[in-house]
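> The lines below spell out each chain.
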Amino acid sequence: MRKNLLLIVWLVLIMLTICTALVSNSTLVTSVSAIAILVLSAIKFFLVSNYFMEMKRAHLFWKFSIIFYLIIVMGTLLFILK
Amino acid sequence: MDTSTINSKNIAYPPGGILLWIIIFLELFTFGAALVAMVLYSKDEPEIFHQSKLLLNTTFGAINTIFLLTSGFFMAKSVENFKENKIEKATFFLKLTMVGGVLFLLLKSVEYYFKLQAGLTIGYNTFFSFYWMLTLFHVIHVVVGLVILLFNYVGFKRKSTLNLEDFEASAAFWHMCDLIWLLLFPVIYLLF
Chain S
1 MRKNLLLIVW
11 LVLIMLTICT
21 ALVSNSTLVT
31 SVSAIAILVL
41 SAIKFFLVSN
51 YFMEMKRAHL
61 FWKFSIIFYL
71 IIVMGTLLFI
81 LK
Chain E
1001 MDTSTINSKN
1011 IAYPPGGILL
1021 WIIIFLELFT
1031 FGAALVAMVL
1041 YSKDEPEIFH
1051 QSKLLLNTTF
1061 GAINTIFLLT
1071 SGFFMAKSVE
1081 NFKENKIEKA
1091 TFFLKLTMVG
1101 GVLFLLLKSV
1111 EYYFKLQAGL
1121 TIGYNTFFSF
1131 YWMLTLFHVI
1141 HVVVGLVILL
1151 FNYVGFKRKS
1161 TLNLEDFEAS
1171 AAFWHMCDLI
1181 WLLLFPVIYL
1191 LF
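As given, the protein sequences belong to chains S and E, one line each in that order. One point on numbering: in the working numbering, the residue at position 15 of the first sequence is 15, and numbering is uninterrupted. If you want the working numbering, it's the position in the second sequence, counting the first as 1, plus 1000.
By construction, these hints were calculated from the structure, which means they are not laboratory data. Some hints could be false.
Calculated pairs, EDC-like style, for lysine to aspartate or glutamate (alpha carbon to alpha carbon, straight line, at most 16 angstroms) [stated by the list, open to error]:
#1 K1157/E / D1044/E
#2 K1159/E / E1088/E
#3 K1083/E / E54/S
#4 K56/S / E1027/E
#5 K82/S / D1166/E
#6 K1095/E / E1080/E
#7 K1083/E / E1027/E
#8 K1083/E / E1165/E
Covered, in the sense of this in silico footprint (three residues per stretch, anywhere, with C-beta under 8 angstroms from a C-beta of chain S), are these stretches of chain E [as the list claims (entries may be wrong)]:
#9 1031-1045
#10 1062-1068
#11 1102-1110
#12 1116-1127
Glycine is no exception: its CB is placed at the ideal position from the N, C-alpha and C atoms.
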């Protein structure tokens, strides 16, 4: 299961990367596409840290630190862009 | 080789070790702060940032993202095999990880070459100052990561004493390069 899990995560990451490229080339309103691009990137960041870096099996403190970091950085970027 | 497992549920032992995770968070906050500064500056010169972004090759950026993510996947597979004491498979995946890193550097070099040919140097404008500083700083991390992985590879080949914590720390450093790129790519190549 775990062997397949890594492969599935990798496939999802590649799909999200393609989605990000499509969103950036779309005719969406700039602010909407900016939100979509940052949210997709945050999901990719979370997947890499959780599955590839195995934070999934780490102490809650480390899991929350990653989420806290994403909220702070992505939140600040979105706040400035709005 | 010591492939015994570590109890990562303990707060002092995240995968890769607590010291490396302190470094990872320091790096992430540094890059995060620089990206926030870049977006703040873009508010003063929105047109310059937009026109400059159009001079970047988004396809190169996307392909490099795929190179790093794939390399990260192979790294995770290598650690997985190491834990199962399948050293040959771990070595094979480690080699693929390094190939991913080298491909990233090659494509980045091509991108830099085109930028320099076009005169888009670090002093061209504010956007390109950020572009060069952030991407070059990231490239340095990738080079350091590759050197660390090379040491691990040589260790595997010589069957020397390499323990799981050391290998996980090397893997965590390599994944950190992925994480940094996952922040840089959308902001620099897509956002403005």
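> If a hint holds in the structure, say so; if it doesn't, say that too.
To see whether the hints hold, each was checked on the structure:
no., hint, result
1, K1157/E / D1044/E, "violated (54 angstroms)"
2, K1159/E / E1088/E, "holds (10 angstroms)"
3, K1083/E / E54/S, "holds (13 angstroms)"
4, K56/S / E1027/E, "violated (21 angstroms)"
5, K82/S / D1166/E, "violated (43 angstroms)"
6, K1095/E / E1080/E, "holds (15 angstroms)"
7, K1083/E / E1027/E, "violated (27 angstroms)"
8, K1083/E / E1165/E, "holds (11 angstroms)"
9, 1031-1045, "holds (count 6)"
10, 1062-1068, "holds (count 3)"
11, 1102-1110, "violated (count 0)"
12, 1116-1127, "violated (count 0)"
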